[in-house]
Amino acid sequence: MHRRSIAELIQDLRTKKYSCEELTRYFLRRIKSFDKKLNSFITLTEEYAMQKARLADKCIKQDKATFLTGIPIAHKDLFCTKGIKTSCASKMLENFIPPYNATVVERLEQAGMVMLGKTNMDEFAMGATNETSYYGCVHNPWNIQMVSGGSSGGSAAAVAARIVPIATGSDTGGSIRLPCSFCGVTGLKPTYGRVSRFGMIAFASSIDHAGLIGYNAYDVALVLNFIAGMDGHDFTTVEKPVPDYIETINDSINGLRIGLPREYLENLDVAVGLQIDTAITELEKMGAKVQEISLPYFKLALPVYAVIAPAECSSNLARFDGVRYGYSCKEPLNIEDLYSRSRSEGFGEEVKRRILVGTYVLSNKKPINYYEQAQKVRRLITEDFIQAFNKVDIILGPTTPLPAYQIAQQAEKVKINFSDVFTTASNLAGLPAISVPVGFVDSLPIGMQLIGNYFAEAKILNVAHRYQQVTDWHKQTPEGYC
Amino acid sequence: MPTITENDLIKTMHLAQLDLAKDMPIYKQHLADVLEFVAPICEVDAKNVEPMLYIQDFSLRLRADNITESNQRDMLQTSAAHVEDGFYLVPEVIKTCETEN
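Chains A and B, in that order, are what the protein sequence lines are. Residues 1 to 482 in my numbering are what the first sequence lists, from first letter to last. Residues 1 to 101 in my numbering are what the second sequence lists, from first letter to last.
Distance condition first, Cα-Cα at most 27 Å in a straight line; then the derived DSS-like pairs of lysine-lysine: (1) A:Lys-32 <-> A:Lys-475; (2) A:Lys-299 <-> A:Lys-366; (3) A:Lys-391 <-> A:Lys-285; (4) B:Lys-22 <-> B:Lys-11; (5) A:Lys-58 <-> A:Lys-16; (6) A:Lys-32 <-> A:Lys-17; (7) A:Lys-475 <-> A:Lys-285; (8) A:Lys-91 <-> A:Lys-36; (9) B:Lys-47 <-> A:Lys-299; (10) A:Lys-459 <-> A:Lys-289; (11) A:Lys-459 <-> A:Lys-285; (12) B:Lys-47 <-> A:Lys-366; (13) A:Lys-365 <-> A:Lys-299; (14) A:Lys-365 <-> B:Lys-47; (15) A:Lys-366 <-> B:Lys-11; (16) A:Lys-91 <-> A:Lys-32; (17) A:Lys-459 <-> A:Lys-475; (18) B:Lys-11 <-> B:Lys-28; (19) A:Lys-58 <-> A:Lys-82; (20) A:Lys-475 <-> A:Lys-36; (21) B:Lys-22 <-> A:Lys-91; (22) B:Lys-11 <-> A:Lys-365; (23) B:Lys-28 <-> A:Lys-366; (24) B:Lys-11 <-> B:Lys-95; (25) A:Lys-365 <-> B:Lys-28; (26) B:Lys-11 <-> A:Lys-330; (27) B:Lys-11 <-> A:Lys-91; (28) B:Lys-22 <-> A:Lys-330; (29) A:Lys-64 <-> A:Lys-82; (30) B:Lys-95 <-> A:Lys-330; (31) A:Lys-459 <-> A:Lys-391; (32) A:Lys-475 <-> A:Lys-37; (33) A:Lys-61 <-> A:Lys-16; (34) A:Lys-299 <-> B:Lys-28; (35) A:Lys-85 <-> A:Lys-37; (36) A:Lys-289 <-> A:Lys-391; (37) A:Lys-91 <-> B:Lys-28; (38) A:Lys-64 <-> A:Lys-17.
Worth flagging that the hints you see were computed from the coordinates, not collected in a lab.
With the rest of the complex left out, here is chain A (with noise of 0.2 Å):
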C-alpha cells in the first residue's frame, strides 16, 4: 500500500481492496517500524486516526465520501489541530493544545482525510537542516547520517520513507522546497494568498506560506483542490477562483516557454547542473522551449531575507511571554523575570538568535533603516520576475545548490546558508513554486524547481506531472523503506 499514490489509494478504497481502517493501521505499523530511525514525527495520534478512519470507512458505505475520505496524511506540527499537540518543534509549545484547527487541518477533515501525527520540523520553522528541533533532528531516509533539511524535514522525510503519502509543509524561504529536493520527492508552495494561513503558528507573516509535499504533482493537485480558496478567517487569502488543478494536468507542454536565468548557472555545482540539465532535455522532448533570462536582483534575495525574516519574526513571537500560554518560567521575581526568563529558557539558540536581529534591525532606524530598504530591494527582486513571465511561462532551476550533507557539519555552516539560494526570491515575491526530484547526486536526491507567475499553480503541477510521466526519479525509494 505505501508503494500506491493517493490517486491508486483512492481506487483500491472505491474498489473496496481494502478498508480506510486497514490502511490507517498499515500506515501506522510503518511509522512505527520506521520512525525510530528518521525521528520525522512528534505526535503519533494513533486512536484519532483509527477513530477517523472507521468514519471513513462509514462514510464510503453510506455514498457519503469525498475523494479524500479515507486517505492518511501527517501535518506539519505548526499547523494547529484542536485538542492534539501543536508545539512547533519548541519548548516554548511543548504543552500546547491548540482549542481549533487551522483552515488547512478543517477543510482536510472535512474532506474526510485520516491524521495520522504531527511531523519534526525546525523550531518555530527556523532552520533549513531540521537540526533545531527541541525534539531532535530529522534524519534523511536516503542516508541517516544526512539532514532531511527544513524546516518541513519531518514531513518530507516521511513522505521519502513511504511512511505517509502525503503531508503538510510551511515554506518562508525554501521550507517545504528545500527539503523535497534532499529527500527526493515532490513538494509545492502555492501562490502567497492561494492557500490560508489561519491557525499556522506564524513566523514572517508577509512571507509564511502553506503547502504540501508528496510522492507526486498529480497527489499534490488532488489535495490542492480541497485546500486552496480564500478564508474569511485570513484577510490576505484572495477571492479568485480555484481551478481544479487536476483538469490540465495533462495538458501538453508543447511551446511551453521556460526560462533558465543565468545568475543561477554562475558556479553551479557539475553534477547537480548535469541532473539539470538532463531534465531540461526531457521537457524539450516534449515540445518547451528554453532560453535564458535574467534576474540581476536574485543575489540580494538571501541578504532582503536575512532582514524581514527575523524583523517579522521577532514581531510574531512577541506573544510567546509566559503568561496566556506557553512555557512559564518558575518563581519568577518580577513581571520582567517572567517575560525574559520564560522566554530565554522557552526558545532554542536559532529562535533567539533571530529575534535578537530582527529587534535590532526593527529598532535601529539610523543610519540606516534596514526594514524599509529591504521592502524596497524586494519589490526589485519581485519586479525581476514580473518582467522575465513577459517573455516565459516558468522559470526552471535547481531547487537547492547541492544534495543533503551531514547532520551536525557546524564547521560549514556557510553552505548551510547559501542552501536557501535557489528558493528565497519566490517567498519574497509570492509566487508558486514547486520542486520534483530529477536524479541523484553522490547517491543522495536533487530536485528541480519549476517557478510560475502568480496563481499559476495550475500550469507548474501541469509541467511537474508531464515530466513524471516520462521519469521515474519521484517512484524510488530509499532501501529498507521498500
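Given chain A, work out where chain B should sit, using these hints.
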C-alpha cells in the same frame, strides 16, 4: 556599516525580552556577522522605489458588524500557566503601600 556596541546589544535584548547576558560576545558577533551579510542591500539605490508592503494588490475585506463568536474564556484559558476567576495571574506589577510594607 554600524558597529555593534555592548549598549546596543543590552538595549536590543531588553526590547526583545531575552536574557542573553552570559553569552553576550557570541550574540554580539552573530549580529555583526548578519549586518555584514546584509550590507549589500544598503548599497542599492532604491530612493525612488516603494517598499513592498503587500504582495497582492488588495484592500481589507469588511464584514457586517455582527457578533459571531461566543464567550469561550474558560476554554481559551486552559493553556495558561496561572489563572484565577477568569484573570491571568502574573507577578505583582504595581506595588501598593500594603505590599511594600
